[in-house]
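**Student:** Note that the protein sequences, when read in sequence, are chains L and P. First residue of the first sequence? That's 48 in our numbering, and the numbers climb one at a time after it. First residue of the second sequence? That's 48 in our numbering, and the numbers climb one at a time after it.
Some hints here could point you the wrong way.
Note that the list lumps identical chains together, so a pair holds whenever it fits in one copy or between two copies.
No farther apart than 27 Å at their CA atoms in a straight line, the calculated lysine-lysine pairs in the BS3-like style are these [as the list claims (entries may be wrong)]: (1) K123 to K384; (2) K384 to K475; (3) K166 to K741; (4) K497 to K660.
None of these hints come from the bench; they were simulated from the model. Please read these numbers as outputs of a predicted model, since none were measured by experiment.
There are 2 protein chains.
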Amino acid sequence: MLDPLFKPRAVAIVGASTKELSIGNVIIKNLQRFGYTGKIYPIHPSAPEVRGLKAYKSLAEVPGDVDLAHIIIPSKQVPQIIEECGQKGIRAAIINSAGFSELGAEGAQLQAAFLANAKKYGVRIFGPNCQGIINTDPALNAYCNFTFTFPGPGAISVVALSGGVGAVIMQALFDLGVGMRMYASNGNASDISISEILRYWGKDAGCRAIILYTEGFANPKEFLEVAREVAALKPVLAMKAGRTEQGAKAASSHTGSLAGVDIATELIFEKTGILAFNDEEDLVRAAMAFATQPIPAGNRVGIITNTGGPAVIATDVFGASGLDVPKLSEQTIQRLKGTQLPEAALENPIDVVATAGGTQFRAAMDALLDEAGVDSIFINFVTAPFTDTHAVAREIAIVSALGRKPIVCNFMTDLTQERYQETRRILKEGGVPCYANPTAAAKALVALTKYGLIRRRDIGQPEPFPNIDSAKTASILLKAKAVGRKVLSAREVYSILEAYGIPVAPWRVVETIEQAISAGEAIGFPVVVKVDSADLDHKSDAGGVAINLRDGGMLRSAVEDMQARLGGSRPLNFLVQKFLPGGRELIVGASVSQRLGHLVMFGLGGIYVEALKDVAFKIAPVTRVEAKEMLSSIKTSALLDGLRGEKGVDKAAVVRVIQQVSCLLTDHPEIQEMDLNPVMAFEDGCFAVDGRIKIL
Amino acid sequence: MLDPLFKPRAVAIVGASTKELSIGNVIIKNLQRFGYTGKIYPIHPSAPEVRGLKAYKSLAEVPGDVDLAHIIIPSKQVPQIIEECGQKGIRAAIINSAGFSELGAEGAQLQAAFLANAKKYGVRIFGPNCQGIINTDPALNAYCNFTFTFPGPGAISVVALSGGVGAVIMQALFDLGVGMRMYASNGNASDISISEILRYWGKDAGCRAIILYTEGFANPKEFLEVAREVAALKPVLAMKAGRTEQGAKAASSHTGSLAGVDIATELIFEKTGILAFNDEEDLVRAAMAFATQPIPAGNRVGIITNTGGPAVIATDVFGASGLDVPKLSEQTIQRLKGTQLPEAALENPIDVVATAGGTQFRAAMDALLDEAGVDSIFINFVTAPFTDTHAVAREIAIVSALGRKPIVCNFMTDLTQERYQETRRILKEGGVPCYANPTAAAKALVALTKYGLIRRRDIGQPEPFPNIDSAKTASILLKAKAVGRKVLSAREVYSILEAYGIPVAPWRVVETIEQAISAGEAIGFPVVVKVDSADLDHKSDAGGVAINLRDGGMLRSAVEDMQARLGGSRPLNFLVQKFLPGGRELIVGASVSQRLGHLVMFGLGGIYVEALKDVAFKIAPVTRVEAKEMLSSIKTSALLDGLRGEKGVDKAAVVRVIQQVSCLLTDHPEIQEMDLNPVMAFEDGCFAVDGRIKIL
């Protein structure tokens, strides 16, 4: 429970200062200015009072109970102070002080020291190296933070690892006139994590939507679980910075080299139903719409405008984002005919023209509310000086309050003029999300609509596969591990694939030319032969692969040649495999993402993966819905369906392979990397024809 | 000369009204309120005065000279009024009234009528169905417009076809505190075009940058010429709406179906050096930076920040936009060491930390000004309550005023607090472009930097090709036209290609099996044979193509088969051509874009163009630089360089073919569509192996 942190009845400021501009003074000033209803106890070694409040020499001297300590003293003294917090029975501490793990080993030691003391007494730690929290509940007014923005009460809570970005978001909400519920910026996050805060806010009935800013997760797996739980309860709008970071580990396999830290975060957002943003301004503006508007039931927008160009711009934004601006039904057009000015354009966008008043706007909105082919309403409202702009605003506010369909408004005006300030006040008090230009307004409606899609999407559960031989796989992995081998042999790889039901081209591993030839005969020519060696990662480059061997003679000379060139006197193992020409080359891979589990990758093999990096990732376990999404989300997905003259591939079979790979990884997390490259896909079925598995 | 429009010494309002909210009243009110220094003559049939000004019954009654008439009367009366304008010697008229070509045939007739009268007297027409103009020159203060925003003087001029978007842009500049030079929104643009206004502003010394909003060009060719001329003089920042419009003509060739109206506008912007935007807010914010800052000499940004997260976000924006945040030189780091607080991070971004004051900010900026590895400075400045924010602002303003390197500032503060308003005032008066969040600020610097790249790019001139046989081509085209043939035969196509030096696979057109076989022998097997028929656009689908015919027997049976299946008793023509296996399939095409000329297209052929639509376009004539850009700008350009184990293609040869095609189109504009698909490209050379030309 984070109540002592977010709902403190008494706060002690350890490091209170009498100097106006110091943090130890600003925090008290902020609490006072915000009208904190609890008790404030400044702790100061000598001053009798700070900012008019009686000061105490130590926590022990404080007469009453304290829920929360605000710690601003040098880092070296922090472990001792946490000990004192524990002794005083304080249940939470915000450590503003820096000088801990962010500064290297010595700081990390200090951090470990205060954490040990905190654990001893059950003191929960927020920070260190952080800003603090805000709770705008008017019964409490807790501003435990040194920032300068004073938000009004509202329904949106904000958590940001970075205090700077947290401040930007808080200020942007403030500038938009949007209230805030709670705020938290927890810096080093040594104890209380973003996940824990998220879970707490998930249960906060006063919180309607959550804004999250992060630069990465200490425990992505925990976050994944919590985020899924919370995102099912209320909208979580998130942004992660560091998206262009060259942070992807330089792994040797395709999967490893394409899946970076950043992809993982995006995938977490996607899997859990979090709405992701790349632009903090877009995020905050979207939040304003989430604070008052319902979620659109679909992607069809009806536009009402009293000026042409901005409607074109909005339509562009919708079009580029997959939203539809559909034709109106004949019934709606007839209805509009009776209510609009003669110059009005009765299509979608509905141009009510600049001289339209409240009556025309209202009639147009009512028509769209009743139009079954429209899920949301976008309004361009320029305050033409020759119209009663207040009347228009009143009608928009009334329709917004109905809550039947979401409304956003591009409100184009000059707010330095008193008349238009009043028009805006009417819109705002009616809960109408207003933006100053068409793109901004349209993007907010796009966000609402996309969130609707996210909420209606059900990825389902991972499927069980019958007849899987997990024990056999475990024993193969165990044996390889026992001899310290990290890259599995072809025999091992194909045995594992077969154990998981993954279709493979018929194969034998052989040691002699005679065995090779009888394998070829058993499998049926044409065949492929490959040197089975972990040393040769790129076998074909080394001349360790020969394809389309049509008879025993060709097979014999290929094997002889490889043995001579690559083996010398050392006898090689060879994989003899059915040659399957003419299919579409696919790649299914997987790699471990640090502290998260496996990422599964799918794409078109060969030049597509190399030149286009056209691949899709999902976090394992991958459900059938997700596997299908992987197939449809690559840029080259049209190739799977087959173009003019070509046949499409058996997508159901490919989807099954992705799920089987996911199942294998879930059962055997010691697999670090795995590539089926290529999987040859045909109109009817698909077969892994080359595979690689690397273990811990 | 547009002086009578933009610098009127006297304005007559035809349709002046005594009603407060009517446009005929608002326009006079705006002129008065803006402090217009010229004379205002209301024209009213009966009222003795309007808004305190003496009114006249007709233009003829006006005692003095009139430069500009503002016309707000019903459309039917406009032709007569223009006649009267001419008689009065009025040189320009703004026609606000609607009801002309935008309403169909009847309106178009009225428009033609007033244009005829205007021409007779040399009256220049602005509009109709438009807003008007603004000139903020304090000596004039001309506000000939019915909008409600009152901009201060400045260096940015704004032209917008759509009045609504013009108003949004004007208001956004106003909200940012950025002054404006002139404004024009010309609606139907029946006479004075955006091109003419652009040229006029190009010569206006007081105009430092131009903002342009359009939804298309009536005369794109004229615009292309003017824009190139003006964009060479000053930055032109442009946005075109309708970018997602399904307006691409449904042409049958690849080129036709991929090149829409929208691509053409983008290409015009690119070719002329106009900086294009998709978001009006980004555009206006960038304009603020252009108004005061120099253009960066390169793409390397130095970041100074007093808070961590926003610097990460800015770095993301730079990274995603191709800007670099490079390591600082050892010398700069040493210099910083001596001047920064001990907690500061002396890398790039330079984190001066939240407690940094003016001294630290100034020292960091000075270090970056002298750092040769940095072209521009990005500042994150959060107004920490415990610092002297005015001092920081003063130092930033001083460095900005030096004009040595461009500076933009993400200024994070609460502007409802007086203290920070003062900090902002210091920055503003110093000409520092300030934004309220890191992404917005970073995007403005990206725009400045991209513009620098545009200015430094020299596309050069189209090259002349020696030994071109234009006369032969003209005669072929003439002959085809004479018999009403629009699709050229294979013989004609290949003859034209050869006349322009475009390498083609050796070919013969034959009529009999015997001719085919001797052609095969002359060319050398293997060969391809194709039915030469304009009726068979997709020959291979119809079975009209046979490849890799290794000897006379194979050729004979292929020809016999086609003749039987596709010709029956009607004798067919056949193209026999050298078979060139193993190259990379490319496509070079062209199509006519309405009123602009030819668009040339390049891409990888086959599935790439079909599944990925991965093609590049340029407006003809295409220079060598532009042709190279086409090769490098496709997503699959890595395939041209060759991937692991594959050879790259002869890019110089491909570049030459693109230029030769462009030359052919310039010489023979009657060519409507043309496709070389594929051009087979090899390590050494490339050859068109299938071609199609369609004429008017």
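**Student:** Sort out which numbered hints this structure fails and list those numbers smallest first.
**Tutor:** The structure conflicts with hints 2 and 3, although it agrees with all the remaining ones.
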